[in-house]
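Trainee: Protein chains in written order, with our numbering: chain A, 1069 to 1186; chain B, 2 to 115.
Simulated from the structure, these hints should not be mistaken for lab results. Idealized CB from N, CA, C, for every residue including glycine. The reader is advised that the hints may include incorrect statements.
What the hints assert, rightly or not - Quick list of simulated restraints, FRET-style, between CB atoms:
#, chain 1, residue 1, chain 2, residue 2, range
1, B, 4, A, 1129, 16 to 22 Å
2, B, 113, A, 1079, 26 to 32 Å
3, A, 1183, B, 3, 31 to 37 Å
Unchecked claim - Just a sample of chain A residues kept apart from chain B, beta carbon distances all over 10 Å, derived:
#, residue
4, 1084
5, 1109
6, 1111
7, 1112
8, 1146
9, 1172
10, 1175
Claimed, not checked - Within a straight-line C-alpha distance of at most 25 Å, the following computed DMTMM-like cross-link-like pairs (lysine to aspartate or glutamate) qualify:
#, chain 1, residue 1, chain 2, residue 2
11, A, 1141, B, 103
12, A, 1178, B, 19
13, B, 58, A, 1124
14, A, 1178, B, 57
15, A, 1071, B, 86
16, B, 58, A, 1094
17, B, 58, A, 1090
18, A, 1138, B, 86
19, B, 16, B, 103
20, A, 1071, B, 19
21, B, 58, A, 1129
22, A, 1178, B, 15
23, B, 58, B, 25
24, A, 1141, A, 1164
25, B, 18, B, 103
26, A, 1141, A, 1083
27, A, 1071, B, 103
28, A, 1138, B, 57
29, B, 12, A, 1112
30, A, 1084, A, 1164
31, B, 58, B, 69
32, A, 1141, B, 45
33, A, 1178, A, 1129
34, A, 1071, B, 25
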Amino acid sequence: AQKITQTQPGMFVQEKEAVTLDCTYDTSDQSYGLFWYKQPSSGEMIFLIYQGSYDEQNATEGRYSLNFQKARKSANLVISASQLGDSAMYFCAMREIVRTGANSKLTFGKGITLSVRP
Amino acid sequence: GAGVSQSPSNKVTEKGKDVELRCDPISGHTALYWYRQSLGQGLEFLIYFQGNSAPDKSGLPSDRFSAERTGGSVSTLTIQRTQQEDSAVYLCASSSGTGVYEQYFGPGTRLTVT
């Protein structure tokens, strides 16, 4: 079974500063993918970044980067140069990657609320 | 192109009634997922369709919940004899083909059972 843990309380960051959102996971799968999604107050889930378990380099997408530490089973999201529009709920998620290539369900953490202060 | 759409956006129903929630995935996406998000919680997997394969129903909380996907496209999630604990936002997502593709989510249906 897969499990995602996000235990930080509500996070606050000053505009233009960087912030790290923590995510630890547990799985017995050999091959898996890690995802971060953003959910603003409007409710839609927005995909931010993906990291494969066999990727040697940390994923980056614009201001988002993923600090992947496989041995520690952590996949922290780093947001650089925070903007007011970054205020939202952030979810870490994972899924198994099967040999057949078939998609599989995402397992989500409970999320972290980020508030960006002007 | 058009994203995942869901209808209705809001549904209020009385306890004991049946409801149907609809999801239109992104055209060409072969995988379709239903999740449930209760207040202040993460997303809970309900059911997953992949092409013509048998769906993965392992997340359905009870036999009151069912879903079908017609023609490999539109999906309907049905909740029979609704209970107050069914109140949640029901999110649909789709993804393309196989591999590690991210899932694209619809705006959700907020279900309130009174």
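Trainee: So, for every hint listed, does it hold in this structure?
Mentor: Verification of the hints:
no.	hint	result
1	B:4 with A:1129: 16 to 22 Å	holds, 19 Å
2	B:113 with A:1079: 26 to 32 Å	holds, 30 Å
3	A:1183 with B:3: 31 to 37 Å	holds, 32 Å
4	1084	holds, 28 Å
5	1109	holds, 13 Å
6	1111	violated, 6 Å
7	1112	violated, 5 Å
8	1146	holds, 19 Å
9	1172	violated, 7 Å
10	1175	violated, 7 Å
11	A:1141 with B:103	holds, 20 Å
12	A:1178 with B:19	violated, 29 Å
13	B:58 with A:1124	violated, 34 Å
14	A:1178 with B:57	holds, 23 Å
15	A:1071 with B:86	holds, 23 Å
16	B:58 with A:1094	holds, 23 Å
17	B:58 with A:1090	violated, 30 Å
18	A:1138 with B:86	violated, 37 Å
19	B:16 with B:103	violated, 35 Å
20	A:1071 with B:19	violated, 32 Å
21	B:58 with A:1129	violated, 33 Å
22	A:1178 with B:15	violated, 29 Å
23	B:58 with B:25	holds, 19 Å
24	A:1141 with A:1164	holds, 14 Å
25	B:18 with B:103	violated, 35 Å
26	A:1141 with A:1083	violated, 29 Å
27	A:1071 with B:103	holds, 18 Å
28	A:1138 with B:57	violated, 28 Å
29	B:12 with A:1112	holds, 17 Å
30	A:1084 with A:1164	violated, 35 Å
31	B:58 with B:69	holds, 11 Å
32	A:1141 with B:45	holds, 22 Å
33	A:1178 with A:1129	holds, 23 Å
34	A:1071 with B:25	violated, 29 Å
When each numbered hint is compared with the structure, violations occur for hints 6, 7, 9, 10, 12, 13, 17, 18, 19, 20, 21, 22, 25, 26, 28, 30 and 34.
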